[in-house]
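For the record, the sequence lines run as chains V and Y. Under this note's numbering, the first residue of the first sequence carries the number 1, and numbering increases by one thereafter. Under this note's numbering, the first residue of the second sequence carries the number 1, and numbering increases by one thereafter.
Hints listed in this document are in silico derivations from the structure and should not be mistaken for laboratory results. Please note that the accuracy of each hint is not assured.
What the hints assert, rightly or not - Here are the simulated DSS-like cross-link-like pairs (lysine-lysine), alpha carbons at most 25 Å apart as the crow flies:
hint: 1; chain 1: Y; residue 1: 83; chain 2: V; residue 2: 47
hint: 2; chain 1: Y; residue 1: 8; chain 2: Y; residue 2: 73
hint: 3; chain 1: V; residue 1: 2; chain 2: Y; residue 2: 80
hint: 4; chain 1: V; residue 1: 23; chain 2: Y; residue 2: 32
hint: 5; chain 1: Y; residue 1: 83; chain 2: Y; residue 2: 8
hint: 6; chain 1: V; residue 1: 23; chain 2: Y; residue 2: 3
hint: 7; chain 1: Y; residue 1: 3; chain 2: V; residue 2: 26
hint: 8; chain 1: Y; residue 1: 80; chain 2: V; residue 2: 58
hint: 9; chain 1: Y; residue 1: 32; chain 2: V; residue 2: 26
hint: 10; chain 1: Y; residue 1: 3; chain 2: V; residue 2: 47
hint: 11; chain 1: V; residue 1: 26; chain 2: Y; residue 2: 21
hint: 12; chain 1: Y; residue 1: 73; chain 2: Y; residue 2: 107
hint: 13; chain 1: Y; residue 1: 55; chain 2: Y; residue 2: 8
hint: 14; chain 1: V; residue 1: 174; chain 2: Y; residue 2: 83
hint: 15; chain 1: V; residue 1: 2; chain 2: V; residue 2: 174
hint: 16; chain 1: V; residue 1: 2; chain 2: Y; residue 2: 8
hint: 17; chain 1: Y; residue 1: 80; chain 2: V; residue 2: 47
hint: 18; chain 1: Y; residue 1: 64; chain 2: V; residue 2: 58
hint: 19; chain 1: V; residue 1: 26; chain 2: Y; residue 2: 54
hint: 20; chain 1: V; residue 1: 23; chain 2: Y; residue 2: 83
hint: 21; chain 1: Y; residue 1: 64; chain 2: Y; residue 2: 54
hint: 22; chain 1: Y; residue 1: 73; chain 2: V; residue 2: 2
hint: 23; chain 1: V; residue 1: 24; chain 2: Y; residue 2: 3
hint: 24; chain 1: Y; residue 1: 32; chain 2: V; residue 2: 24
hint: 25; chain 1: Y; residue 1: 110; chain 2: Y; residue 2: 32
hint: 26; chain 1: Y; residue 1: 83; chain 2: Y; residue 2: 104
hint: 27; chain 1: Y; residue 1: 83; chain 2: Y; residue 2: 71
hint: 28; chain 1: Y; residue 1: 55; chain 2: V; residue 2: 26
hint: 29; chain 1: Y; residue 1: 54; chain 2: V; residue 2: 2
hint: 30; chain 1: V; residue 1: 24; chain 2: Y; residue 2: 83
hint: 31; chain 1: Y; residue 1: 55; chain 2: V; residue 2: 47
Quick caveat, the model's predicted, so the values are computed rather than measured.
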Amino acid sequence: MKLSREAEAFIDNLYLYLLSSGKKDKEINEIVEELTDHLREAEANGKNIHEVTGESPKEYMESLASEMQTDLKEWGKLLPHVFISLIAYTLIGKIILGENQISLFVGIGSIFICFFMLGLYVIVFRFVSSRSISNKKTFGLLFLLQILLTGLFFGLMFYGNNYGPVFMMDTLAKQTIFFIIPFAYICWFAWWSKTWIIFFPVIIYLPIVIVEPLSFSKETKSIISSVTLIAIMLGYFIWIFWKGKKEKNAT
Amino acid sequence: MSKSQMLKGVLEGCLLAIISKGEIYGYEMIEKLEAYGFTMISEGSIYPVLLRMKKEELVTVETKASPTGPKRKYYSLTDKGEKVLAEFADTWTELATSVHCLLKEIKEEK
C-alpha cells in the first residue's frame with residue numbers, strides 16, 4: 001500500500017531535517033526506512049499520521065535528532081570538495097572567458113561566499129523541513145538563494161579582478177593544464193557523488209561563450225549574457241514547477 | 001500532569017518488558033502496548049527511546065526481510081537490557097506500592 005501524501009511529505013521533511021542537522025547518512029536512512037514502514041502499516045490499519053508523530057511533527061523530528069549522532073566528519077569530507085570544485089569552476093570560467101590572470105582577491109572572495117551560502121542553505125533547509133511549507137514556497141526560497149549565489153559570484157568575477165596580486169596564465173600549455181585538470185576533477189566529483197547537478201555552474205558560462213563571437217561592446221555582451229543566464233534559470237524553474245504540477249495532477 | 005507526560009518516564013521500562021518476550025519490530029510493539037491499554041502515547045515516540053536503548057546497548061537490532069515484503073528491524077534484549085529491566089521492575093514495584101499507600105490514606109481521610 002502507498003503512503004498518503006501527508007505521510008510522504010513528513011518522511012521527505014524528516015530526511016531533509018536530519019540531513020541538514022548533520023546526522024550520519026546510514027542512521028538517517030535506517031530511521032527513515034523504519035518510520036516509513038511503520039506509517040505504511042499504521043495507515044493500512046486506518047490510523048492517521050498525527051497518531052504517529054503526535055501533535056507537533058517539528059518536536060517529533062527534534063526528539064529523533066537529539067538521539068542521533070551528529071556527524072561532522074561527513075560534512076568535513078564534503079567541504080574540501082566544495083572548495084576545490086569552486087576553484088575548478090573559477091579556473092574553467094577564466095579559460096572560457098579568455099582571461100589570463102587569477103586574482104588572490106577573487107580566490108579568497110569565492111571561499112568567503114561559499115561559506116556564507118553554505119550556512120544560508122543549511123538554515124533554509126532546516127527552516128523549510130521542520131515546518132510543513134508548501135513545495136511552491138520551498139522552490140521560491142531555493143530559487144532566491146540560487147539567484148543570490150549567482151549574483152554574488154557574478155559581482156566577484158566582474159569587479160574582483162582589479163585588486164590584489166595576480167597569477168598569469170599566459171601560455172597555451174598553462175591554459176590547457178588549467179582547463180583539463182579542473183574539468184577532470186569536476187567529472188570525477190560528479191561520478192563520485194552521483195549528482196549531475198555538479199555541472200550546473202558550468203552552464204553559467206554558456207551564455208558568455210555564445211555571446212563572445214558577436215561584435216558588441218564588452219558591456220553589451222555582459223548584459224546579454226546575464227540576461228540569457230537569468231532566462232535559462234527562469235526556464236529551469238518553470239520547468240520544475242510545471243513538472244511538479246503534472247505529477248500532482250497524475251496522482 | 002497529562003497521561004502521556006507521566007508515561008514518558010516509564011516508556012523505556014515498558015519497551016524493555018515487551019522486547020523481553022522475544023524479538024519484535026516497531027509496529028508490533030505499538031500493537032502490544034495498545035493491547036495493554038497504553039493508548040495515550042503517540043506511536044512515533046517509541047523510536048527516539050529505541051534509538052537511545054540501542055546506543056546504551058540494552059537492545060540489539062537485526063534487519064530481516066519480513067513475510068510481507070519490506071526489510072524490518074527486529075529488536076531483542078541484551079544481557080545488560082535484562083538487568084536494566086529487572087532494576088526497572090523493582091523500582092516500579094516500590095514506587096507503585098508507595099504511591100498506592102499514599103493515595104489510599106488520602107482517600108480514607110476524606
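Each hint, compared with the structure:
1. A C-alpha spacing of about 35 Å is found between residue 83 of chain Y and residue 47 of chain V, which places the hinted pair above 25 Å, so the restraint is violated.
2. A distance of roughly 23 Å separates the Cα atoms of residue 8 of chain Y and residue 73 of chain Y; the hinted pair therefore holds under the 25 Å criterion.
3. Note on residue 2 of chain V and residue 80 of chain Y: the hinted pairing is violated, with a Cα-Cα distance of about 39 Å set against a maximum of 25 Å.
4. Restraint check for residue 23 of chain V and residue 32 of chain Y: not satisfied, since their Cα atoms lie roughly 31 Å apart, outside the 25 Å limit.
5. Distance restraint check for residue 83 of chain Y and residue 8 of chain Y: the Cα-Cα separation of roughly 20 Å lies within the 25 Å cut-off, and the hinted pair is therefore satisfied.
6. Taken as a hint, the residue 23 of chain V and residue 3 of chain Y pair is broken in the structure, with Cα atoms around 32 Å apart against an allowance of 25 Å.
7. Using a Cα cut-off of 25 Å, the hinted pair residue 3 of chain Y and residue 26 of chain V is violated, with the two alpha carbons roughly 34 Å apart.
8. With a C-alpha separation of about 33 Å, the suggested pairing of residue 80 of chain Y with residue 58 of chain V is violated against the 25 Å cut-off.
9. Restraint check for residue 32 of chain Y and residue 26 of chain V: not satisfied, since their Cα atoms lie roughly 29 Å apart, outside the 25 Å limit.
10. Straight-line distance between C-alpha atoms of residue 3 of chain Y and residue 47 of chain V comes to about 21 Å, which keeps the hinted pair within the 25 Å bound.
11. This hinted pair does not check out: residue 26 of chain V and residue 21 of chain Y have alpha carbons roughly 29 Å apart, beyond 25 Å.
12. Restraint check for residue 73 of chain Y and residue 107 of chain Y: the C-alpha separation of about 46 Å exceeds 25 Å, so the hint is violated.
13. The hinted pair formed by residue 55 of chain Y and residue 8 of chain Y meets the criterion: a straight-line CA distance of about 18 Å does not exceed 25 Å.
14. Of the pairs offered as hints, the one joining residue 174 of chain V and residue 83 of chain Y is violated, with about 69 Å between alpha carbons and a cut-off of 25 Å exceeded.
15. With a C-alpha separation of about 56 Å, the suggested pair residue 2 of chain V and residue 174 of chain V falls outside the 25 Å cut-off, and the hint is violated.
16. Between residue 2 of chain V and residue 8 of chain Y, the direct Cα distance comes to roughly 31 Å. Violation of the 25 Å bound is thereby established for this hinted pair.
17. Straight-line distance between C-alpha atoms of residue 80 of chain Y and residue 47 of chain V comes to about 35 Å, which puts the hinted pair past the 25 Å bound.
18. Proximity of residue 64 of chain Y to residue 58 of chain V is assessed by CA-CA distance (about 30 Å); at most 25 Å being required, the pair is judged violated.
19. Note on residue 26 of chain V and residue 54 of chain Y: the hinted pairing holds, with a Cα-Cα distance of about 15 Å set against a maximum of 25 Å.
20. Proximity of residue 23 of chain V to residue 83 of chain Y is assessed by CA-CA distance (about 30 Å); at most 25 Å being required, the pair is judged violated.
21. Taking the CA atoms of residue 64 of chain Y and residue 54 of chain Y, the gap is about 17 Å. The hint holds against a cut of 25 Å.
22. The suggested pairing of residue 73 of chain Y with residue 2 of chain V holds, with an alpha-carbon distance near 20 Å, which does not exceed 25 Å.
23. Taken as a hint, the residue 24 of chain V and residue 3 of chain Y pair is broken in the structure, with Cα atoms around 34 Å apart against an allowance of 25 Å.
24. A hinted pair counts as satisfied when its Cα atoms are at most 25 Å apart, and residue 32 of chain Y with residue 24 of chain V does not qualify at roughly 31 Å.
25. For the given pair, residue 110 of chain Y sits about 38 Å from residue 32 of chain Y by alpha-carbon distance, which is inconsistent with the 25 Å threshold.
26. A C-alpha spacing of about 32 Å is found between residue 83 of chain Y and residue 104 of chain Y, which places the hinted pair above 25 Å, so the restraint is violated.
27. Only pairs whose Cα atoms come within 25 Å are accepted, and residue 83 of chain Y paired with residue 71 of chain Y is rejected, the gap being roughly 29 Å.
28. Restraint check for residue 55 of chain Y and residue 26 of chain V: the C-alpha separation of about 15 Å stays at or below 25 Å, so the hint holds.
29. The hinted pair formed by residue 54 of chain Y and residue 2 of chain V fails the criterion: a straight-line CA distance of about 29 Å is larger than 25 Å.
30. Our distance criterion of 25 Å between C-alpha atoms is broken by residue 24 of chain V and residue 83 of chain Y, whose separation comes to about 30 Å.
31. Restraint check: the Cα-Cα separation between residue 55 of chain Y and residue 47 of chain V comes to about 30 Å, which exceeds 25 Å; the hinted pair is violated.
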